[in-house]
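Engineer: Let's have the full structure, built from the sequences with the hints guiding it.
If you read the protein sequences in the order shown, they are chains G and V. Heads up, the first sequence stops at 307 in numbering that gives the first Met the number 0, and the numbers go up one at a time, no gaps. Heads up, the second sequence stops at 307 in numbering that gives the first Met the number 0, and the numbers go up one at a time, no gaps.
Hints in this document: simulated from the structure, not taken from any laboratory. Glycine residues also receive a C-beta, built at the ideal position from the N, C-alpha and C atoms. There could be a bad hint or two in this list.
If the Cβ cut is set under 7 Å, some of the chain V residues that face chain G in the computed set are [what the hints assert, rightly or not]:
| hint | residue |
| --- | --- |
| 1 | E22 |
| 2 | V88 |
| 3 | L92 |
| 4 | F97 |
| 5 | I116 |
| 6 | T120 |
| 7 | I127 |
2 protein chains.
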Amino acid sequence: MSLKVSDIGEKELVKYIISNSKEITPDDTAITKFGSTNLISTSDMLIQSRHFPENMSYFDMGFKVVTVNVSDLAAMGAEPLGFLLAIAVPKDLDLDSFKELIDGVLSACDYYSIPLIGGDTNEASEIIISGTALGLCDRPLMMDTYSIGDVIAVTGDIGHAALGFNLDVLDNVYVKKALKPLARIKEGIALRKSGATSATDITDGLASELHHIKRDLFGFMIYEELLGISDEYRQYCENLDLNYLDLVLHVGEDFELLFTIPKDRLKYLDIDYRVIGEVTDSDVVEITLENGFVESIENRGYEHYVCE
Amino acid sequence: MSLKVSDIGEKELVKYIISNSKEITPDDTAITKFGSTNLISTSDMLIQSRHFPENMSYFDMGFKVVTVNVSDLAAMGAEPLGFLLAIAVPKDLDLDSFKELIDGVLSACDYYSIPLIGGDTNEASEIIISGTALGLCDRPLMMDTYSIGDVIAVTGDIGHAALGFNLDVLDNVYVKKALKPLARIKEGIALRKSGATSATDITDGLASELHHIKRDLFGFMIYEELLGISDEYRQYCENLDLNYLDLVLHVGEDFELLFTIPKDRLKYLDIDYRVIGEVTDSDVVEITLENGFVESIENRGYEHYVCE
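Structural biologist: Here it is, written out as structure tokens:
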């Protein structure tokens, strides 16, 4: 029997493409030298049945496709330049819903100060939105250029979206983070300017990103007590019979930035952040639990919101 | 009953988006001032059931998504800079077919000298490929900046793809044009340099493009005898009970460039081309038939390959 694409998984498909193209930047986002600066470009496609929870509004769908793309610019510390939208919708979609979706896109473009400069419309059996974000950056922050001793930090709360996806209520901080995450574009620029050594955005979960950026001979130590997990968060998880650390480490969709920075540069960083660990020479990704035990962090992430 | 998107059509959807975004270039392709030059960017999405004939190979599908995007660069006379690919495939797609598709993309990138610089992979119920082509151009050719008296010309044979879609054989010039059209990137650059006054690519048919680029008070006169319709072409159409002029005017998918140029600049144009008419002050789009009669050309094009 012949192999199917599902037999090897998305990461291997990407590897096949990258291994056959010499020009692809070994990061999540393309960098093209241009005069004294760099053009940063990234494309991400969202598909209704895979990426949008059922309770998500059309407005939030449109907003999110901008966020996921702009988040890749943010991770490099890039300044937004322009956004392109290629969208396909079912022909029986209400015109009002279509307009709401486009209003979400435009509202996000406005929020991130990235103009919508072009695109394409199409018909498909479900909503498919592909965005391309373009940005400029003279010295892009790469994802794995840290040094031993750098602290590891995040730009905000992680695990909130993960919990939000499991809640039926509409109006709390977790659900809001799940339905309308925000890309950290200003924070990315601040990180680059203040001397951060690397950055990436957390889409597939902290664990997955740490393994993704890990280089040979380098390791990461994360401290549970620094992750900012509130009593309320734990209580929600207990009520839902969910493991709170699992949600914080292995789900993602928060679009916070995970970054490294020398400790003595932290004082130049004029944004909210939370130090959660440090870069080590252990060659493993591990966590010190609140009870003092050290465990390794599995390389396991949520590829997408919707389980299959 | 509420209005559906199908009630107003793709062009009206695009109008809604454009009317709500001040930053969209009033052309088919985005132009962003970039130092002393311009960044040209364009996104086009192709969907298997709508854009790919059944007899199209995976290789040709991959090739075509690059062609349709690069063709928009060609129409501006831009130099290719980079290509981004966002692709979704069914999970039961053969791995070999996936690789063939990617090889088609890479082969086209090689052919057009446009590096594949990034992208995204996904899963969907059918093959969906969204491309973004980036280019550079100091003085982009717009689509409607012609003057009265300019000649109207095309870079190659038109109507060939239209006939090819109707033929069952695999190995002739028409079917090849239908399954593997080529974008006219070198020709676009030559047009810009030689003083062409406007250009656009023919995707939805000559008639549709002429109406698309028509400004108030300007008109176009096309001459049937200049369209290069061969006896063989007419014979094929007669055998298939198709109206040859209908195929040439109203189908498209050839990806040739339609351009205007002052007659005295033609001598600087070092590419193959065919003059087919002239810009007039008639305010109508019309054709002089071979029998001497003049008819108006309807604004009717094929939105996509697949009829619904």
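Engineer: Check each numbered hint from earlier against the structure, then list the numbers of those it violates in ascending order.
Structural biologist: none
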